[in-house]
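Engineer: Construct the entire structure; sequences and hints are all you get.
There are 2 protein chains.
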Amino acid sequence: MFTIAGTVERKLWSEKFMEWFHKVLREAEIYEMRYPVKGCYIWMPYGMKLRNNIISLIKKLLDETGHQEVLFPTFIPEEFIRKESEHIAKFEDEIFWVVKGGKRELETRLALRPTSETAIMPIFKLWIRAHTDLPLKIYQVVSIFRCETKATHPMIRVREVTTFKEAHTAHATFEEAAKQVEEAISIYRKFFDTLAIPYVISRRPEWDKFPGAVYTIAFDTVLPDGKVLQIGTAHNLGQNFSRAFEVTYLRPDGKHEYVYTTSYGISERVVAAVIAIHGDDRGLVLPPTVAPIQVVIVPIYYKGQEEYVISHCRKVAEYLRSRGFTVALDDRTDKTPGWKFYYWEMRGIPLRLEVGPRDIENKVVTVVRRDTLERRTIAQDMLDVELRKLLNEVYENLKQRAWSWFNEHYHTASNIEEASEKMKLGGIVEVPWCGSEECGLAIEDTLNARVLGEPVDEYRKLRGKLKCINCGKESDKVLRIAKTY
Amino acid sequence: MFTIAGTVERKLWSEKFMEWFHKVLREAEIYEMRYPVKGCYIWMPYGMKLRNNIISLIKKLLDETGHQEVLFPTFIPEEFIRKESEHIAKFEDEIFWVVKGGKRELETRLALRPTSETAIMPIFKLWIRAHTDLPLKIYQVVSIFRCETKATHPMIRVREVTTFKEAHTAHATFEEAAKQVEEAISIYRKFFDTLAIPYVISRRPEWDKFPGAVYTIAFDTVLPDGKVLQIGTAHNLGQNFSRAFEVTYLRPDGKHEYVYTTSYGISERVVAAVIAIHGDDRGLVLPPTVAPIQVVIVPIYYKGQEEYVISHCRKVAEYLRSRGFTVALDDRTDKTPGWKFYYWEMRGIPLRLEVGPRDIENKVVTVVRRDTLERRTIAQDMLDVELRKLLNEVYENLKQRAWSWFNEHYHTASNIEEASEKMKLGGIVEVPWCGSEECGLAIEDTLNARVLGEPVDEYRKLRGKLKCINCGKESDKVLRIAKTY
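Order-wise, the sequence lines are chains A and B. Once you know that position 403 of the first sequence is 402 in numbering that gives the first Met the number 0, the rest is easy, because the numbers rise by one and skip nothing. Once you know that position 230 of the second sequence is 229 in numbering that gives the first Met the number 0, the rest is easy, because the numbers rise by one and skip nothing.
Careful: at least some of the hints might be erroneous.
Just so you know, same-sequence chains aren't split out, so a pair can sit in one copy or run between any two.
Derived PhoX-like pairs (lysine-lysine); straight-line CA-CA distance at most 25 Å [as the list claims (entries may be wrong)]: (1) 59 <-> 48; (2) 398 <-> 15; (3) 136 <-> 48; (4) 124 <-> 37; (5) 59 <-> 314.
Quick caveat, the hints were computed from the structure, so don't treat them as lab data.
Structural biologist: So this is what it looks like as structure tokens:
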């Protein structure tokens, strides 16, 4: 037995996504965007809690798979950052340089890390002696700095990435490094699944891989405006960095060999994706798996009943906390219930309990789901079981809704004209491709879009013998293309 | 019934403290000191766990008292950092400046925050409108950067402070700000008590307060070499920063007034103090309250019994984990028990369980305390209760030992000659003082030491009418002086 408490509108969300996004970051008190340095923002208390829950989740997955947390310095000496030539060539334009300490010029210019491979490799050289030291798997959660030349966007393209989780590993063979990339992929799958974020996994083309990598695997999702957001990458670095930094190990057969390394990372873009993908015109809709508050209780009363109702609500809150729920009780007496509904809906709390004198009398509570705005009455003594079930239903519904929206924005096309039409719908277009860099670049150029790469997941749609949409050559390869952030 | 498994030596610890400290940081795998940028170091996995536990503890204390976690940018525009004149005058020489992004000069020089008052105040200006917005209490845990001109020391004087917990608050009146400083002091007391770190609390002299503060209260402890380490500070900033940044609020009477602010911080020096104060010649000795592992199990067997003994140990580990202990089982088969004892003693695990075939037969385990090396047999079915009791005893013993060592290094003196003699013993000397800056500076100069300030705790020893050790004037004031880091 349930009724609908309102309509789930997604008009602003879909038609003016950036306006919606900024409004929600501001009104839900996630992010302060008025800091006067370009591309630098402030995590506000509620946003910080959401961010911390998401970090805890990825840390747990990494800890469980034998990764060890460390913390490396922010400064990288110029000499180090220049050692791997492809790496510096790509990052050269984006590095913030520290050249002065106080009034004195520094002896050596210090880069603010744009990523930490070149800080970590000289230390791997000290830590790794023999095959018994391998594999070595570490990670850190840090700020990295990139002087982005493109337009900055809050949380999506920033100059101080405040939430960079980067893992770095070293192995005895190329195959073990490749297997490590597989492990990274499986960790990220679990991570995004828990966040109910849809994704495809692609092998980036040669011309768009991480600078210094043998190959790069990337996770991409689609935001409400149809543009694609890269939300995670994993790189097999082969021996490129170990050669540059001379990191060798002693093999069981007594020979020395360069180690094979990998790195993989995610950033606050994941938080942006959680916010963007699940929201609606009323604001945030958070998956119960990472919501800072799962259940908010709003007391409903007429004048004179305050203490009676609020003290009952306190007991309900206490009980739910003892059962492991995270609960907020909104006992502000200077705000109306309607004001509070708006307030907590904007913040995306998965379940709202409304408790009035009639409910107390009938030994029930009224519960409203944030995702569907469905309203239902639950017997007090079934609260624990029913809320647990409901939280699970919210999660499943968000996941299903996000994936079906994603599916609608994943297209295929068999020629350039069709691809061009499909591009207009927003999202990702999968097209046949001969495999040549020349055709890949031509496709990017013609469609004014970006190549995401070849599918390495089960999501690929086109099968069998196909014809490259640029040169017409027969091939079984496909490419994913999209407008990207 | 117990025996002693060894002698608790503190020879290297007390006679060559810095050598001991470096050895422990290295051998216990706390800290990598070979990073090639002066004053920058790496937290290794075990050190990181200890650091994280200590951070969790202070975060919990702050969360419980209504502080909200946030995250502000690393960059502070030059214009902001120059707004409060005392502040910039002091930090001018220590600021790392970013002047280039890629190959382009930046439009405005960016300071890497040496502390965040000047990043936060412009935002407080946006967040604070009326008295209903006060008090505002936030904190963050971040890296700060200071181009120290003094000699750097691992974890004690660093150029990237990686573990700066800074709280910032705003209030309606000076009294409320003063009360907030009291709250900070009470939080830090709990914090250091939980870490079993002894301290005195002093009001820093005018000439050594935080730049921009009305007054500064500081926590100091004494390291094994007799030098004093500042481990926490709390500042009442009055209206100094709010005037510079024009942060006002609307009072209930309709008038606008500048807010009153405070800030208080701790850093990785706290981790250094935990390591330094509780250690002995065998390495770390960690308080069970923050030890990453509370109990380590070492199986003892002859060849052929491995599986029997290890599988029993696994059950013990599982049982203890289910009871809430953090447990490591050292089941390495290529290491001897003696090697393992050394390994885990170096890492300071509070309790070691030794389990051999005879113990299994007798349904007992052998437990060795890290702090006293006392060895004892415990019946299996009493394990939970007894280990809990023992962990508590270890904590109490560490606290008692640390405080009694501290007490022995807290001296009083009634004239310059006596003060000079007492200074040679190491630690803190409390002396009568007339209260004038002139005499304070003269005392520093004569004794070649630093003034810690006036006691604001109950630890003060000298009472009644006293004579300033510099000018002889009668006074009831005293000063604490010491050699400091």
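Engineer: Now, for every hint given, state plainly whether the structure supports it.
Structural biologist: Here is what the structure says about each hint:
no.	hint	in the structure
1	59 <-> 48	both (16 Å within a copy, 14 Å between copies)
2	398 <-> 15	within (23 Å within a copy, 60 Å between copies)
3	136 <-> 48	between (27 Å within a copy, 15 Å between copies)
4	124 <-> 37	between (37 Å within a copy, 19 Å between copies)
5	59 <-> 314	between (32 Å within a copy, 24 Å between copies)
Hint check: no violations occur; every hint is consistent with the structure.
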